[in-house]
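**Q** Two independent chains are provided; combine them into the complex using the hints.
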Amino acid sequence: MVSEPAIPVSVLTGFLGSGKTTLLSCLLRQPELARAAVIINEFGEIGLDHELVATSDDTVVALTTGCLCCKVRSDLTETLHDLLRRRDAGALPQPFDHIVIETSGLADPAPILHALMTDADLAGRLTLGSVVTTVDAVAGEGTLEREAVSRKQVAVADRIVLSKLDLAHGDAAALLRRVAALNPGAPTLRAVRGEIDAAALFADPRRRPEIDAWLGEAHAHGHEHHDGEIKAFAVVRTAPIRAVALTLFLEALAEHCGADLLRLKGIVNIAESPEKPAVIHGVQHVFHAPAWLERWPSADRTSRIIFITRRIPRRWVELLLDAVGAEVACVAAAG
Amino acid sequence: MSGVPTELACELMSASLAAWRLAGEARCVDDGAIVVERTGKHETIRIEPKADDPMFRWLITIDGRRRPVVSLPGVLRHLRAALDPDYAATRVRVSVASLPVP
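Line by line, the protein sequences give chains A and B.
Start counting at 1 in the first sequence, then tack on 100, and there's your number in the numbering used here.
Start counting at 1 in the second sequence, then tack on 683, and there's your number in the numbering used here.
Hint data in this document are derived by calculation from the structure and do not stem from the laboratory.
Errors might be hidden in some of the hints.
[Unchecked claim] Each pair of labels, with its calculated beta carbon distance range:
1) D746(B) with G224(A): 45 to 51 Å
2) E375(A) with D746(B): 27 to 33 Å
3) R750(B) with G242(A): 49 to 55 Å
4) D769(B) with D400(A): 40 to 46 Å
5) T177(A) with D713(B): 54 to 60 Å
6) V753(B) with R411(A): 52 to 58 Å
7) D769(B) with P413(A): 15 to 21 Å
8) E375(A) with R750(B): 39 to 45 Å
9) D769(B) with L265(A): 41 to 47 Å
10) D746(B) with R411(A): 26 to 32 Å
[To be verified] Subject to a maximum C-alpha distance of 20 Å in a straight line, what follows is the list of computed SDA-like cross-link-like pairs (lysine to any residue):
11) K376(A) with W392(A)
12) K733(B) with A429(A)
13) K733(B) with C430(A)
14) K733(B) with V431(A)
15) K724(B) with V712(B)
16) K733(B) with G435(A)
17) K724(B) with A698(B)
18) K733(B) with A434(A)
19) K733(B) with A426(A)
20) K733(B) with V712(B)
21) K733(B) with A433(A)
22) K724(B) with R710(B)
23) K733(B) with L691(B)
24) K733(B) with A432(A)
Source: prediction; values computed, not measured.
Positions of the beta carbon are idealized from the N, C-alpha and C atoms, including for glycine.
Isolated chain B (complex conformation) (with noise of 0.2 Å):
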């Protein structure tokens, strides 16, 4: 297994479409896979963790199309990709001037 355990990630997808105001549902299916659907979408995405695989964590399935992914947060970024049309990703920036250690 991919380290989290299935109902955590699959709550989290859940919560996720939540989060990003999308209309949905996401499910742990009995093979141990989490199954998101959007409401009023046809197509389902399925995500896999992948147990045998030390690097690509987990297995995304959009479209058809399977995508290794190495991190929950990559599979995040992908199912929001995949169902958020407006998503444009914000990437993090570090500030260069540290906090003054207290």
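Next comes chain A alone, as it looks inside the complex (with noise of 0.2 Å):
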């Protein structure tokens, strides 16, 4: 029996009124999402946007019993145990290909993307797709100065889409280095009135192109982006790593960093695997396990990895993988 591939989960968030249910309906009109599965959070006991999202079938689910990131174990697995179950019984007008979750606009992103990517039985049917953040062009600034969560969705996006750029006064500069300083590696991508490509917007983040992008920005290490207590920089080594350096490195992250760890990507070259690299990810305390990547995706092979913290200094950072490092190379000398 031939398995069938991953189905990619997206996940579509930003706060409050940032235009999430008005790009969710435009892209639902494309055929790159045609045979999407669609889940919504909405905050409140009436739900509303679920309603405003123009499809013609079953595979819009709406989740109104609180905000998604609070009951993300039972609501949004549930949900998606029931939606694959209906899917192989044939019970939907078309199976799909894709599931989008719009989250509702407090939700805290990560818990969603955990629930994602520990569930052990929908881990074989599911993979975690992009994460795309929408931030509104006129009300975005002052969004992003009041409200914590609303940074936390733009630290942890692979895309940001800059929404109603067309009601927004001037070109919107401040708010683009606001949303640069808080996640550097993410493009962001422009919406007038939700109408924004949906290949570009949910290609898988971890193809090559996607790759080097957001490793783009590691090439200039030297810098630091500060957005109040979220920073992102990227930490650059030529050596290869050590495989059980890495691991240690990771473990201990999580392990004294844990939620302000907001978002790390990398790709890394590993000593004992000095052709093939490995893609590392993590959301918070969580790590997918590393991909392998064929080859290189350039002539720089050098590790590259972007972190995406709150309150953790770049400087503990990089003494902690040197000398976690010194130590693993010094115990492989020894044996």
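**A** Shown next, in the form of structure tokens:
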């Protein structure tokens, strides 16, 4: 029996009123998402957003029992299981090949990502796709200033969509700088009345063009972006890193930083696998097992790890990596 | 020695205090150990690299109790547990779903 490819689950997040539902409505009219199932989480007892998303079948599910990030284990995973059951039973008008979750505007996306990454029963069938965050070009600056969760929504994004540009005065340059400070590796796309190319938005962020994009930021590794408590920085090492050192480093990061490690992505030159680099990816204390590329995406074989953190000093991260690497090297030499 | 230059380990301890938002200092002392003190506390924590032990590469002394420790991450764990009453270690979780190989 040939196993079916894992179905990507993309997360569409963004603060209240930032244009998620408008964007989703436009996206669902495009052929790339013609076979997408949609889960819409609304905060409050009476859901409305799902009524505003124009679709014609049963593949839109509204979750109105509360904020998704607070009840993610039960509501979201049950909904995903139910969608898969209905798909398997042929109970849907057509089988979906993509799932899009629209979070509530107040949701912290991290627990949602954790649920997608760690539910053993879902893991074989679903894979985490893109995290897309909408930012309102009119009110976005004020929202980012006031609302911590909105900064976190931007920080964990693979792509950022600037919405309501048609209503904004000026070029939103200050907002773009703020967004870039929070998440310099994520491309910022622009939507006018929700119109945007779905293919650009939901391409697999771990495929090569995307790796190149977010690693482009790492080349400016002397550069550190700040936005209040949240910092984005890249750690670059020319010497290969032993696999055990990387594991110990990630464990220590998770152990001591936990929720403050908002997002980590990297391409690592593993000493034991010099021709096939490892791609690493983590959200807070949850990491994917590395994916191994068949070859280096360019002639640059440096290890580049991008961090988006809250109150974690870059210097500490660098010292930890270097010290753990030195200890592992010594053990290996003694062995 | 443990393999980690003492200056590097000491700098890591010092940076760790800052990362954990604990006021204090770490310094190298003449016998090759690292001493960590939290501001306003009288006790000191002593961290010694163990040159001749291939398994327990560090010895950490807290409140007069000596504990052998396997690795530098272990030293950090003991150090923080001793200094930070609010510390609750977060255990890493590895996703059951692999990243799709590009």
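**Q** Each hint: holds or not?
**A** For each hint, the structure was consulted:
no.: 1; hint: D746(B) with G224(A): 45 to 51 Å; verdict: 49 Å, holds
no.: 2; hint: E375(A) with D746(B): 27 to 33 Å; verdict: 50 Å, violated
no.: 3; hint: R750(B) with G242(A): 49 to 55 Å; verdict: 51 Å, holds
no.: 4; hint: D769(B) with D400(A): 40 to 46 Å; verdict: 41 Å, holds
no.: 5; hint: T177(A) with D713(B): 54 to 60 Å; verdict: 57 Å, holds
no.: 6; hint: V753(B) with R411(A): 52 to 58 Å; verdict: 28 Å, violated
no.: 7; hint: D769(B) with P413(A): 15 to 21 Å; verdict: 18 Å, holds
no.: 8; hint: E375(A) with R750(B): 39 to 45 Å; verdict: 41 Å, holds
no.: 9; hint: D769(B) with L265(A): 41 to 47 Å; verdict: 44 Å, holds
no.: 10; hint: D746(B) with R411(A): 26 to 32 Å; verdict: 29 Å, holds
no.: 11; hint: K376(A) with W392(A); verdict: 6 Å, holds
no.: 12; hint: K733(B) with A429(A); verdict: 16 Å, holds
no.: 13; hint: K733(B) with C430(A); verdict: 13 Å, holds
no.: 14; hint: K733(B) with V431(A); verdict: 13 Å, holds
no.: 15; hint: K724(B) with V712(B); verdict: 19 Å, holds
no.: 16; hint: K733(B) with G435(A); verdict: 16 Å, holds
no.: 17; hint: K724(B) with A698(B); verdict: 19 Å, holds
no.: 18; hint: K733(B) with A434(A); verdict: 14 Å, holds
no.: 19; hint: K733(B) with A426(A); verdict: 15 Å, holds
no.: 20; hint: K733(B) with V712(B); verdict: 15 Å, holds
no.: 21; hint: K733(B) with A433(A); verdict: 16 Å, holds
no.: 22; hint: K724(B) with R710(B); verdict: 16 Å, holds
no.: 23; hint: K733(B) with L691(B); verdict: 16 Å, holds
no.: 24; hint: K733(B) with A432(A); verdict: 16 Å, holds
In summary, the structure is inconsistent with hints 2, 6 from the numbered list given earlier, while agreeing with the others.
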